[in-house]
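Student: Could you put the whole structure together from the sequences, leaning on the hints where they help?
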Amino acid sequence: MKNINQFYLDKQNHKSKWHLVLTTSFGLIASAYCLVLPQQMRNLGDIFNLDDQKEFLALLTTFHYLLNSFLPYFSGVIRDSCGDSFAILFQNSLCVIGQFIATIGTHSGSKTTFIIGRLIIGWGIESLLIVLTSFICSYYKFTYLTFVLGIYQLIYMSGLVVCTLFAPNIDSAYGSNVIALLFTILGLIMAYVTKDIDTNVQSIIVKQGANYFQIEEGIKKSSQLFQKQGPSEIIQLQDDGEEIRIEQDYIEVQQINSEVFDQNIYDNCCGYGNKHEFPAIYWLLLFFYTFASTSVLVLVGYAQEFLLNKWLINLQNGEDLARTLVTLMWLFSGCITPLLGFVIDMYGQRSTLTIFSGLMAVWAHLLVLLQSPFEGLLLLGFSFALSYTTVWSSVLYITHPHKYGRSLALFVCLQNFGISITPHICTFFEILTNSKIVTETFLLLLAILATTASLLVYKEDKKFVNLIDRGLQVESEISSKIKSSKLQN
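For the sequence shown, full-length UniProt numbering assigns the number 1 to the initial residue and increments by one for each residue that follows.
Everything labelled a hint here was simulated from the structure, so no lab data went into it. A few of these clues could be false.
Under the rule of at most 35 Å between Cα atoms (straight-line distance), these lysine-lysine pairs were calculated in the DSBU-like manner [to be verified]:
#  : residue 1 : residue 2
1  : K141      : K195
2  : K141      : K17
3  : K459      : K275
4  : K463      : K141
5  : K141      : K462
6  : K195      : K275
7  : K462      : K17
8  : K275      : K17
9  : K17       : K207
10 : K11       : K195
11 : K17       : K195
12 : K275      : K463
With beta-carbon atoms standing in for the labels, derived distance ranges [claimed, not checked]:
#  : residue 1 : residue 2 : range
13 : V178      : D320      : 18 to 26 Å
14 : K54       : Q349      : 39 to 47 Å
15 : P168      : L366      : 28 to 36 Å
Here the structure is a predicted model, which means the values were calculated and not measured. The C-beta atom is built at its ideal place from N, Cα and C for all residues, glycine as well.
Tutor: Below, the structure written as structure tokens:
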């Protein structure tokens, strides 16, 4: 019999869901473009009278990741409290405001204003994918969820590639920031379009639900009347034209898309201690993703300088070639992610793929140590794509919809924390040991830890018969079977 879950499925089958992927993508492109923009502006040192532009950018990047080691958590709380649509508008608004302030700082030559703008836009950039993932899940959770998340990653990588290739060709830093500001404004406009489409979809589903429950209530009362008075009296009532009134002729549905439920203050702000809402496998996935993403992104972060200093320093166009190689790695990673997502949607096996992701990261770091940098970068891109598609989609199956914001926010916070402190740890050990391979060795150790965590994920997943492929229903099925067997005994 049809029930309320089928109205949720109606949203999954709605014709507008592919339009929503398009409208939400504009904000992702803008955020990715703005993320790497300062590194591509060659005359930033002249504008702010900097003695060392690289040192300034390194400090700015460190502050960016340190602040976003906790700011995305508040974005997750906002999403869980206010819903997806509001959260999407909020994050896009942060991007517009931050980029506007940064543009003013560039135009006026105020370093402080520029830094404030970059920190604000950093919050919007790092948290946008969280709210977009939780939002689009309501349309694709039972169909092509991982494939759509892969498309998001491809679009995000495309923004990085566009900025890396074209921003250095713009002579004016102010002009580069104005272009970025226009991108963010377009993203905010499309966020309003997204909200309008989603509101329309909700209203259609609410009407369908109201009509269904009216019909069901009418059939139920007719059946009760049939049992009490008999078929002849029912026919007579119908011939007389009397109508069976339905007491419940209106159904109120609150934010179907975000599934925000009434919660107390503690549940809204924390609630991680609840083992039913955050099972053990969630924490294992969190540790795996933190180690895996840190080992990949830290190396990729300084890969351009790394390639230039070790292999391309003697070439006339070495700097441009190093930038091109890193860009190709990002492009490869972005292109492979939707394909991996489609395969995962078809065949599952997420826990097994986490092991492959960890092993690929280990192999990639070994290749870098063995003087094969470009092959190592490609493998790192593949490993990151695999870890992202498996982990982010798994979280949406093992946590409850009204806590998607907080559950995804922890992954972003710990990833950024790892990215912010790992380079300083590596620098400390390089000075201590006077060795040039400390960074690669430390990142290799992180990849090994990620592989170990993936083995624990696999063990926990098989304990509940592919929990991260089928969701919390498996856990409830096993618990009910255990209870029934105890009762029988």
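Student: All hints, please: hold or fail.
Tutor: Right, here's what the structure says about each hint:
For the given pair, K141 sits about 19 Å from K195 by alpha-carbon distance, which is consistent with the 35 Å threshold. For the given pair, K141 sits about 12 Å from K17 by alpha-carbon distance, which is consistent with the 35 Å threshold. The hinted pair formed by K459 and K275 meets the criterion: a straight-line CA distance of about 18 Å does not exceed 35 Å. About 23 Å separates the Cα atoms of K463 and K141, which keeps this hinted pair within 35 Å; it holds.
Among the hinted pairs, K141 with K462 is consistent with the structure: their alpha-carbon atoms are about 21 Å apart, no more than 35 Å. Between K195 and K275, the direct Cα distance comes to roughly 33 Å. Compliance with the 35 Å bound is thereby established for this hinted pair. A distance of roughly 33 Å separates the Cα atoms of K462 and K17; the hinted pair therefore holds under the 35 Å criterion. For the suggested pair K275 and K17, the alpha carbons sit about 33 Å apart, so the restraint of at most 35 Å is met.
Restraint check for K17 and K207: satisfied, since their Cα atoms lie roughly 18 Å apart, inside the 35 Å limit. Pair hint K11 plus K195 holds up; C-alpha atoms about 14 Å apart against a cutoff of 35 Å. For the given pair, K17 sits about 12 Å from K195 by alpha-carbon distance, which is consistent with the 35 Å threshold. For the proposed pair K275 and K463, the alpha carbon gap of about 16 Å is at most 35 Å, so the pair holds.
Between V178 and D320 the CB atoms are about 25 Å apart, so this pair conforms to the stated range of 18 to 26 Å. At roughly 43 Å, the beta-carbon separation of K54 and Q349 lies within the given 39 to 47 Å, and the hint holds. P168 and L366 have their C-beta atoms about 32 Å apart, which keeps the hinted 28 to 36 Å range intact.
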